[in-house]
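Visitor: What follows is the residue order along each chain.
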Amino acid sequence: MLVRTPEAVLRRPKAGFVRTHGGTLLQRLALIGLALAAWYVGSLHAPSFVLPSPARVWTAWTGLVATPSFAADLGITLGRVAAGFALAALVGLPLGLALGASRALGGFFEPVLTVMNTVSSAIWAIFALIWFGLSNWTTIFVVFMTAMPLILTNVWQGTRTVSAEHLELARTFRMPRRKVLTKIYLPTILPAFFSGARLAIGFGARVVLVAESLGASSGIGYRLRQAADLVQTDQVFAWTLTLVALMIGLETLVLKPAERRLFAWKKASPA
Amino acid sequence: MNAVEIDHVGKWFGQREGAPLHVLQDIDLTVPQRGVVAIVGASGCGKSTLLNIIAGLIEPDAGGVRLFGTAAREFRNWRAMTYMFQEDRLLPWRTAVQNVAFGLEAGSMPAAERRRRVDETLDLVGLSRFRDAYPHELSGGMRSRVALARSLVTEPSLLLLDEPFSKLDPTIRAQMHSELLRIAALRAMALIFVTHDVEEAVVLADRIVVLQPYPGRVRLVQKVALDRPRDPLSEAVTEQVRHLRLALSGEPVPC
Chain G
1 MLVRTPEAVL
11 RRPKAGFVRT
21 HGGTLLQRLA
31 LIGLALAAWY
41 VGSLHAPSFV
51 LPSPARVWTA
61 WTGLVATPSF
71 AADLGITLGR
81 VAAGFALAAL
91 VGLPLGLALG
101 ASRALGGFFE
111 PVLTVMNTVS
121 SAIWAIFALI
131 WFGLSNWTTI
141 FVVFMTAMPL
151 ILTNVWQGTR
161 TVSAEHLELA
171 RTFRMPRRKV
181 LTKIYLPTIL
191 PAFFSGARLA
201 IGFGARVVLV
211 AESLGASSGI
221 GYRLRQAADL
231 VQTDQVFAWT
241 LTLVALMIGL
251 ETLVLKPAER
261 RLFAWKKASP
271 A
Chain E
1 MNAVEIDHVG
11 KWFGQREGAP
21 LHVLQDIDLT
31 VPQRGVVAIV
41 GASGCGKSTL
51 LNIIAGLIEP
61 DAGGVRLFGT
71 AAREFRNWRA
81 MTYMFQEDRL
91 LPWRTAVQNV
101 AFGLEAGSMP
111 AAERRRRVDE
121 TLDLVGLSRF
131 RDAYPHELSG
141 GMRSRVALAR
151 SLVTEPSLLL
161 LDEPFSKLDP
171 TIRAQMHSEL
181 LRIAALRAMA
191 LIFVTHDVEE
201 AVVLADRIVV
211 LQPYPGRVRL
221 VQKVALDRPR
231 DPLSEAVTEQ
241 VRHLRLALSG
251 EPVPC
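Sequences listed follow chains G and E, in order.
Heads up: the first sequence is residues 1 to 271, going by the numbering used here.
Heads up: the second sequence is residues 1 to 255, going by the numbering used here.
These are computed hints drawn from the structure, not numbers from a lab.
Ideal Cβ placement from N, Cα and C applies to all residues, glycine included.
Take the hints with a grain of salt, since some may be wrong.
[Unchecked claim] Distance windows between CB atoms, simulated:
(1) G:L105 x E:A174: 27 to 37 Å
(2) G:L90 x E:E155: 36 to 46 Å
(3) E:R79 x G:L26: 51 to 61 Å
(4) E:E17 x G:L105: 24 to 34 Å
(5) E:M1 x G:P94: 41 to 51 Å
(6) E:A174 x G:L262: 34 to 44 Å
(7) G:P94 x E:D61: 52 to 62 Å
(8) E:A19 x G:F108: 26 to 36 Å
(9) G:L105 x E:W12: 26 to 36 Å
(10) G:L90 x E:A42: 51 to 61 Å
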């Protein structure tokens, strides 16, 4: 009876993962090749200020990377996203937990969430401009107002998956409420928090550009608007590619591995 | 001093429509220290409600409960009592050893002492080799052992069990029964368990309380004076089982 699952059986899904991973890599490369070809053909039939060729964008990008302001702008924008996201997580996680754990609080505040989710980021950007002027706080505020409701909603939804059986178990041990929150609620909602956080980072990285192009004098959004005003389309493309590469890197190098590590306890779903 | 004294306990449950449902009527029950008492009856007869009243999770509407000589209202030493459910209720994000430690995390205890007790208890249920396995990597019987260890790690004087092991297959169940009796004797615990399985009651208990429904009340208290270990196939046990089954089916009230 007391037999642990043989190592070979436990390892099998991993081998399958590597195999399919190789397959997807080939597919992705083919997709990129196709997109580049289409882009190149398109650029032959359009003026360069409408659609610059891949080669031209590449030159613009290498030039861009070499400028001293590149790293500074990148750092400023990422810093704003990070600050807005960190604040959103800091507020959204405990608030979502509290609203989910208390039916009365949850019922009372539910409409607030609907309102926050319906207001467009552009409106938050205009408000932020009025309240904070041309400062870091304008963009941080916009990222925060976009990311926080996403995290809050996900955490709140997550609390509904908390098992009544586990809560009853804690009650038989006379576990104090604070510990029930950290030992039962928190681990249960962690997957929901994670998917909320992933959404929040994605949206945050997009709205930060809107906010920066409206109300900042530095950062990628500001550079994008500058390039657009001067009709430097190749610069716009170069910045865009940088951002796309950054988000893909974040997803595959940070979020995916973190998720796999955090939720190792989950039953490996049959492929 | 008795572990549990139940004195004329009654309980009604409010219903959405109609009069409150009378769940328990005038229950008297005494469980001595180190005693093993089974509560049997058809499902829906208030067995689990009675167990929850003893556990202090539900307040009785009439009568009173005394735990180790103290009225339940004044009783503070709740960690001297643990509760084992029908399901193992292991936390899926915790390994076996962390699940056992959960039993101690409601209170405060130096980390070294906690680790020592958790290791000792895992050893007691024979799961030391699987300490770092997650629940989904364990078999049903092993999960049950982890749940038992979690209930034992606080070193309780009274263990309440609500249809324990009822989801395990018969062989493993018999193993868990002898394991439970061995540990109860070793740790000088009293056991109160609810079951609908008369055979399980006869094999484990030294006293069996038969409840009858509508409202739940004591029909019969049966002493079981057989030697341990009890073989469920032996004549003495089967005779007791037959006798109790008759008592249980005495009234044609469907439950």
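Visitor: Of the hints stated earlier, which fail here?
Guide: When the structure is compared with the hints, numbers 1, 7 turn out to be violated.
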